[in-house]
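There are 2 protein chains.
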Amino acid sequence: MFMPPWLITYQKDQLSGDIVAGIIVSVVLVPQAIAYGMLAGLPPEVALYSSILPLVLYAAFGSSNTLAVGPVGLMSLMTGTALLELNLSSTEQTIAAAHTLAFLVGILLLTLKMIRLSGIINFLSHPVTSGFISASAIIIILSQLKNLLGLSIPRGLPAYETAYRTLEQLPQSNVYSTLIGLFGLLILWLFKAPLTRYLKTRPMNSTARQFASKSGPLLVVALSTFSVYYFSLNTEQLVTIIGHIPAGLPSIQFPDFSIGLVKQLLPNAFVIALIGYLESVSIAKSMASQRREKISASKELQGLGAANIAASISGGFPVAGGFGRSMVNFSSGANTPLASVITAGLVTFTLLSLTPFFFFLPKAILAAIIIVAVAPLINIHAFKQVWRYDKTDALSLLVTFFTVLIINVETGLICGAAISIGIYLQRSTKPHIAVVGQVGNTEHYRNIDRYIVTTDPHILAIRIDENLYFANTNYLEDRIMQLIADKPAIDHVVLICSSISIIDTSALESLESIHHNLGKAAISLHLAEIKGPVMDKLKGSPFIQKISSQNIFLSTHQAMCYLKNRR
Amino acid sequence: MFMPPWLITYQKDQLSGDIVAGIIVSVVLVPQAIAYGMLAGLPPEVALYSSILPLVLYAAFGSSNTLAVGPVGLMSLMTGTALLELNLSSTEQTIAAAHTLAFLVGILLLTLKMIRLSGIINFLSHPVTSGFISASAIIIILSQLKNLLGLSIPRGLPAYETAYRTLEQLPQSNVYSTLIGLFGLLILWLFKAPLTRYLKTRPMNSTARQFASKSGPLLVVALSTFSVYYFSLNTEQLVTIIGHIPAGLPSIQFPDFSIGLVKQLLPNAFVIALIGYLESVSIAKSMASQRREKISASKELQGLGAANIAASISGGFPVAGGFGRSMVNFSSGANTPLASVITAGLVTFTLLSLTPFFFFLPKAILAAIIIVAVAPLINIHAFKQVWRYDKTDALSLLVTFFTVLIINVETGLICGAAISIGIYLQRSTKPHIAVVGQVGNTEHYRNIDRYIVTTDPHILAIRIDENLYFANTNYLEDRIMQLIADKPAIDHVVLICSSISIIDTSALESLESIHHNLGKAAISLHLAEIKGPVMDKLKGSPFIQKISSQNIFLSTHQAMCYLKNRR
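Protein chains in written order, with the numbering used here: chain A, 1 to 567; chain B, 1 to 567.
Incorrect hints may appear among the rest.
For identical chains, the list gives no copy identity; a pair is met inside one copy or between any two copies.
[Stated by the list, open to error] When the alpha-carbon atoms are kept at most 25 Å apart in a straight line, the in silico DSS-like pairs for lysine-lysine are as follows:
id, residue 1, residue 2
1, Lys487, Lys430
2, Lys537, Lys384
3, Lys200, Lys539
4, Lys294, Lys520
5, Lys113, Lys294
Keep in mind that the hints were calculated from the coordinates and are not lab data.
So here's chain A without its partners, still in its complex pose (with noise of 0.2 Å):
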C-alpha cells in the first residue's frame, strides 16, 4: 500500500504541533475560503469542498511538509474571469465549469511533471514576477471594492474601468455595508499587526498566543454575522449576505468533459496551472529553506496536481498553496502534512454541522477579509530595489504591471517573460569584448582600460566575456576588424575563451569566417583557455582542422610567451 513517506517515519512529538497548526489553519481557511470562492462568482460551498480532498491528496503526493493547500486569491480571480468568458446562462453550468477547469489544470500539472518541465517557471524573473503579483493584488482588491461598499458593478470588467465605475458611484455606498466593511478592516488589520505585537509581550502559552493571533477573520465573521442577524440588517436588502450554505459533503463525480468547453478553458487552464505551480513552489521553497528541508519541483507539480483532481471530482475549483495560509501552518508549528489532513478534518466538521452559523455572513466582510490577505503583496520596496540596481528590469516589472492592469492577468504574464527573455538576449548580442595585457611580471591577464598592464604591439589578446551564439556572432566579427583595422602592427590575434561555454554552429562558422579574413590579412588566429565541454565539442569541426594545434594554449600566459618567444 502506498505510504508517503513523512507518514512512514511519524514521530508521536511531532503530532502536537501538527494539531495545533492544523487547528489554526482552519480556523483562517473556512472564512477565507468562502471570501475567495465568492471573488470567483461561485457559492461558498464550492469553495469549501475545495478545502478537504485536495489538502489530503497533496499531503499524500507533495513535498511540502507546511503548505497550506486550497482556495487562493489570485487562481481565484483567474479562475472568475476564465468562468465569465465562458457567457455560461445557469449556476450550475457554471460551477460544473468550474469543476472542469479544476481538472485541466491537474491534468496539465501532472503533464509537466511527465514531460520533466518543472524548469518552466524558470523563464519568469523575479522582477515579472514580483510586478505580475502586485498588479493581480490591485485587481483583487478593486473587485471587491464594490462588496465592501454595497454597489452593484458587473464582474469582469477591465480593472481601470472597475475602478472608474467604484468611484463615479461612491455617493450611491451602501452606508450599514460600508460600515461593517470598514469595521471588519479596522479589526483585521488590527489583529495583522498591532494585537500580534501587544500579545507577545503578555505573559502567555504560545499557542494560545498564535490561536488568539490568528482569529482575527472569525471573529469578524462571528461579529457581523451576528450583527446582521440581531439587526435584521438583510432584510429591505440594506446588507448582501452569502444566504444558504447546503449542509453535508459533496458527492464524488467525474467533471464534464465536453471537447467544446476543454477547448475554450485550455489557455486559461494552462495559465492558472503555472501561476498556482509558480506561487506554491516559491512559497514552500522558502518555508523549506528555513528549515534544512528539501523540495522538490517535479514533486509539487505531482501533489498540486493530485490536488486540483481532487478538487475537480469532489465538487471544487482549482486550488494552489496560499502564501498567507501556508505561514500560518509553518509558524503555528506544524511538523508535517498530517497537520493539513487535521485542517481538512475540521472544514468538513464544518461543513457537516455549522453551516446555518454562516447564513447572515455578509459579503462586506469577505471583501475586508480578501483585502486584508492581498494587501501585502504590492511591493513597492521591491521595485525600488530593482530600480537601483537595474534599470531594464525594472523596466519589465513596470510593463508587467501594467499590462495586467490594463489588458489582463494572462497578457501580463506573457508580455513579462518575453520582455524578460528579450532584454537578456539583448544584453548577450553586445558582448562586453576586452583587450588585455599583462598585470606586471604575473602570470594574470586584465582589461587595459581598467588596470596598468602591458602589451605586445605584435599581439591583440582579446577576452570574449560571453557565449558565443547565433545572435552575438556578427557583432564579434565586426569587432575583431574593427580592432585589426586600428592596430597595423599586429601579427597574432589571441582569443581568450575562459567566458565561453557555447559556441553554436551559427558562431562556428563565424569563427572559421574569421580565421579566414585574418589569414588573408596576413594574421594568425590563436585560442587559450578553451574550456573542457567546448573543446570535446570544437575537436573534429572544420574549424579547429584548419586552426593547427599548435594555435591552441591551455592558458593566456602560455600563448602570450610562445608567441613572443617565436618572434
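Got chain A sorted already, so can you dock chain B onto it with the hints?
Only chain B this time, still in chain A's reference frame:
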C-alpha cells in the same frame, strides 16, 4: 546636392568594369525579372518596372558596391502568397496591392533603420536561415513544375498539395510545353557549369567569356520565343505564352494607402522586409569581405527601403538584392553601383523598344529559368555539417525546413527563430558548474574532473561557466546546496566569476539567498575574478554590502592562499 560617396570618388579606370557588368547583369535580369513576376502572379511589365528606379535608388543610398537589386525569387513567392490572401477580383486591384506592399516594405525597412534595429536579423541563426532557404527553394520549384509541364494547378496551395496534384496530373502534361521546358533546363544547365568550364580552357577575352557564359537565359528565351512564333505553337493552347507587354515607362504614382488594405498586408510586409534585408545583407557582406570593403547594416536598410519605395511609386513590387545576379555583377567586374545604373538604363531601353519580341515567350521557359536559379539554394551539405557539429542546431534547421514546407514561409521563420532562442535559453538554464583545484604548484585552477589537481577539504572552489540570470538562478542555488551537502568538512565556498558577464536582479536575489543559507550553516561565501563591468554594477547592492570586501578576490589563487593561511 546629395552625391553618393562612390560617385564623389569615382575613378576613370572603374568605368570599363562597371559598363561590362551592367550589360551582363541586364542580360540576366530581364528574363529573370519576367519569370519572378510570373512567380508573384503579376504581369511582366510590373517586374520590369521593378528593375529600373529601385536599382538607381539603391545605388544612391545603399552601402554595397556590387549588390544587384531587383525582383528576387523568395520575395516574389511571398508577394504572390500575400496578394492571393487578399482575394481580389481583378488584375488591376492585385497590381495596385503589389505597389502598396512594396511601399510598406520600404517604410518598414526605413523604420528599422530609424529605431536602430538593424540587429534584428541577428536573431535568425545560420541553421534556421539555411533550413528556411532550402525549403523555400523547394516550394518555388514545386510551384513552377505546372508551368513547365503545361498543367493548370491553382496557385497558393500548400507545398505538399501542389506536389501531389502535379504528380496526379503528370499524365495530362502538355507535350510541347514539357519539351520546351526540358530543353530550357538542359541549355541553362549546360551554361551554368560545363560551358563555363569549357570557356575557361579557350583563349579568349575575359569580357567575352563572361558575356558568353551568362547569356544562357537570353539564349533560351530567344530560341523558344522564335520556335513558338515559327511553329505557331501558341494556337489551340498548345503552349502558354506571356503575351502582350505594354511598351513604355511606368508613370510615377503614389500607391493606394487605404487603412483596410494596409492592415491586411502589414504582417506579410514585415516578413517580406525582414527576408529581403536578411538576404541582401548576407550577400553584400560575403562579397564585401572578399574585396575588403565595408557593409553597413544600417545603410543597407536605408538603401533597400529607398529601393522598395521607388518600386512602389514606379509601378513595381517588392525588391531586394538577388544572390545569383549579384554574383554575376561581382564576377563580371562591377566596381561601383554605377553598374546597376547602367543595368537600369538597359532595362529602360528594353521596355521602350523590345517588348514586342517577348510576346511569344513560353511560360515553360520562365519556369526553367526560375528552377535553375533557385535550385542551388537547396543546401544538403549545410545540413550534414550542422548535424555533425550540433544535433540541436540540426533540429532547429529541420523544424524550420518542414514548417516552411508543410505550413508556410512566415510560420516557418517564426518557429525557427523561436526554437533557436529556446534552445539557447535551455542551454543556459543548466549552466556548467565546475569544482576546481590547483594545477601542480601553478596559479591555475582547473576542473577536478578533467585535470590532476589538488584541493583543500575545507574549501570548495566553484567556477560558474555562464551568466547568472533569471532562468538559471534556481539551478545554481540547488547545485551549490547539493555540493555542500556532499562535503561536510567545508567552511568556505569560493565562487569563481570569470565567466560571468551579467548578473541580473533575479540572480542577485539568489546570491543573497545563497549567502544567507550558507551563513546559517556556518560557511562563508567568497567571490573571485569578478569582471570590471559586473563589479561596477554590484557595488552599492545590498548583496555586496553584506559580503565584506575582505571576501572578494582578484584571482582564485589569491583567494585560496588567503583562506589556507587564515585557517
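Against the structure, the hints come out as follows:
1. Lys487 to Lys430: This pair counts as within: shortest intra-copy Cα distance 22 Å, inter-copy 39 Å.
2. Lys537 to Lys384: between (43 Å within a copy, 16 Å between copies)
3. Lys200 to Lys539: This pair counts as neither: shortest intra-copy Cα distance 67 Å, inter-copy 39 Å.
4. Lys294 to Lys520: Between copies only: 16 Å across chains, 58 Å inside a chain, cut-off 25 Å.
5. Lys113 to Lys294: within (18 Å within a copy, 52 Å between copies)
This entry does not satisfy hint 3, going by the numbered hints stated previously; all others are met.
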